[in-house]
Amino acid sequence: MSRRPDARPLSLIRESFRLHRARYVWGFLLLALTNLLALSIPRLLKHAVEALETKDTRALLLLSLTIVAVALAQALVRTASRLAILGASRRVACELRGRLFSHLQRLPLSWYSRRPIGDITSRAINDMILVRSFFGPGMMNLLNTTLVYVTALTMMFSMDARLTLYALIPYPLFMVAVNRLSRRVFAHSMAVQEQLGRLSSRAQENIAGISLIKTYAREPEETKAWEDLSRGYLRHTLALVRARGAMVPLMGIMASAGTLVVVGLGGRAVIDGRISLGDFVAFNAYLGYLTWPTFAFGWILNTFQRGVAALRRIGEILAEPAEDREPPSDGLDAEPLRGAISLRDLTFTHPGAPAGTDQLRKVTFELPAGATLGILGTVGSGKTTLVSLLPRILAPPPGSVFIDGRDVTGIPLSRLRHDIGFVPQESFLFSRSIRQNIAFAPRPFSEDQVERAAEASRLSKDLPLFPRGLDTIVGERGFTLSGGQRQRAAIARALVTDPPILILDDALSSLDAQVEHEVIENFKREKARRTILMVSNRVAALSWADLILVLDGGAVIEQGTHEELMRAGGLYAAIARRQSLEATLEEAS
-11 MSRRPDARPL SLIRESFRLH RARYVWGFLL LALTNLLALS IPRLLKHAVE ALETKDTRAL
49 LLLSLTIVAV ALAQALVRTA SRLAILGASR RVACELRGRL FSHLQRLPLS WYSRRPIGDI
109 TSRAINDMIL VRSFFGPGMM NLLNTTLVYV TALTMMFSMD ARLTLYALIP YPLFMVAVNR
169 LSRRVFAHSM AVQEQLGRLS SRAQENIAGI SLIKTYAREP EETKAWEDLS RGYLRHTLAL
229 VRARGAMVPL MGIMASAGTL VVVGLGGRAV IDGRISLGDF VAFNAYLGYL TWPTFAFGWI
289 LNTFQRGVAA LRRIGEILAE PAEDREPPSD GLDAEPLRGA ISLRDLTFTH PGAPAGTDQL
349 RKVTFELPAG ATLGILGTVG SGKTTLVSLL PRILAPPPGS VFIDGRDVTG IPLSRLRHDI
409 GFVPQESFLF SRSIRQNIAF APRPFSEDQV ERAAEASRLS KDLPLFPRGL DTIVGERGFT
469 LSGGQRQRAA IARALVTDPP ILILDDALSS LDAQVEHEVI ENFKREKARR TILMVSNRVA
529 ALSWADLILV LDGGAVIEQG THEELMRAGG LYAAIARRQS LEATLEEAS
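Position 217, counted from 1, in the sequence shown is what the numbering used here calls 205; the numbers after and before it change by one each time, with no gaps.
No lab work stands behind these hints, which were simulated from the structure alone. Among these hints, one or two may not hold up.
For each label pair, taking beta carbons as the anchor points, the in silico distance ranges come out as [as the list claims (entries may be wrong)]:
1) A501 <-> A562: 55 to 61 Å
2) I113 <-> R206: 24 to 30 Å
3) E83 <-> A571: 57 to 63 Å
4) V164 <-> S402: 56 to 62 Å
5) M554 <-> E209: 43 to 49 Å
6) W14 <-> I113: 40 to 46 Å
7) S402 <-> A543: 29 to 35 Å
8) E552 <-> R332: 38 to 44 Å
9) I117 <-> P309: 55 to 61 Å
10) M554 <-> R332: 49 to 55 Å
Please read all numbers here as calculations on a predicted model, not as lab measurements. Even for Gly, the Cβ is constructed at its ideal location relative to N, Cα and C.
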């Protein structure tokens, strides 16, 4: 496994700003210029009021035109600043989304077994929207608010420091209340995002398993479970809305209180002659400029709280150690594998499983290159676990699994998985053409190679039934194909690479007896070309293997050829007799 990257929220923020600092610096400079232009208007208004008092028409006209010009310039500069900052935020989100997806591709399969798919999807989509708001509108409004407050307060203090202090008296009290509300917003934001992940996971499971739900008439129960989750999401969302909603009137009261103080005390100052009417108008204009940043303060806090929560959730995935694709080379990596397999006292426990629950215990065997291994056993005996250790879909303990005399933990994954064709129990197909599903490996395949693989898997028998042959789109998860057709397409996908090692994890279970026989005959004809490991619950499918392992409770209780195991009279012979009797009764019926 590779070293865990630093994916804490603060680290992700620093990295994003570092990568896009030019855009952010340019955007922030333009935003500063925007605020300087905006805050120059009250000063121009002050002079306009004074021109009114002196009835200087020429000065009034000039000031009016200047205000219009400043406003137009401000609009242009503001647009440019938004393009720079919001554009940078979308690039940050795009790059982080790409980084997350790339990391998801490299996480081990064991990690996915512990994570609901809906939760992962929610983090990759919903949380990414919050991240974009954090780096875009959130950052822009934070800087804008800071600039407006600093500049406006500086101008207000220069006019009348005492009046400014009186206007700001209510602010500290309200800030304490806002701080307490922001903590509630953060807690409710996390709860909303977690509940949304549960909703996404439930929706994904139900849509994927809709046929099973209908078969067992579970629609009412599943609907009720969905409604319970939806009510939970509604409850958390309303709590968040209430916390956020309390900020808006709080900010409004704060702004109104300041205005009330200025009107009362500022009006008296004008009457007493301490400030001019122009200063009073400008002072109120500057105070008005504080109104929107004050209102936006609550939104900014909420955006930052939710953005940090989203970055934390995304960072949790990025911090997971990925598969180490390329361990140190020993100079043999360029050579293809020959296929000699050796397991030496292999004991394996799934990560996170309770102590003493080994899935495999002291498994040992030798298989020469070009030989065929059959694996049969009881349910939960560790058959799938055993074959998943060779391509390191599950990580084997060092010193226990060897190919061509080399520990598989020291063979680069790119080489290991390049030379192993794996057909899992679940024949997953993508919503693409049959041809694209067969030629899925990241290398070019000729038309002839794809057709030969389809012939070897006997999928070619059904091609005339498809409207466009190999170019027929199979639909999501291959739902337009039968179970047997999906399995044959998956076998063809493994065969098209012509791997020196082929693993079939119960990959013939959905085939009828005749097609199964034809596929096995194809395997026999090419037997010397590759090493085959075949998991099956049917003795007839394994009887031709050079070596057969019988697993029970994670241990090998029998091994040998078909004839040797039948003579031994153990579990293998008992299963063979039972299946033979079942086949006889089925033929008789």
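Hints, verified against the model:
1. At about 21 Å, the beta-carbon gap between A501 and A562 misses the expected band of 55 to 61 Å.
2. The supplied range of 24 to 30 Å is met by I113 and R206, whose beta-carbon atoms lie about 27 Å from each other.
3. Distance hint check: the CB atoms of E83 and A571 are about 59 Å apart, consistent with the given range 57 to 63 Å.
4. Our hint of 56 to 62 Å for V164 and S402 holds, since their Cβ atoms are close to 58 Å apart.
5. One distance hint, 43 to 49 Å for the beta-carbon pair M554 and E209, holds here, with the actual separation near 48 Å.
6. A hinted range of 40 to 46 Å is violated for the C-beta pair W14 and I113, which are about 30 Å apart.
7. Range check, S402 to A543: Cβ separation about 33 Å, and the 29 to 35 Å hint holds.
8. Taking the beta carbon of each, E552 and R332 are about 22 Å apart, not inside 38 to 44 Å as hinted.
9. At about 27 Å, the CB distance of I117 to P309 disagrees with the hint of 55 to 61 Å.
10. The supplied range of 49 to 55 Å is broken by M554 and R332, whose beta-carbon atoms lie about 28 Å from each other.
Consistency note: the structure conflicts with the earlier hints numbered 1, 6, 8, 9, 10.
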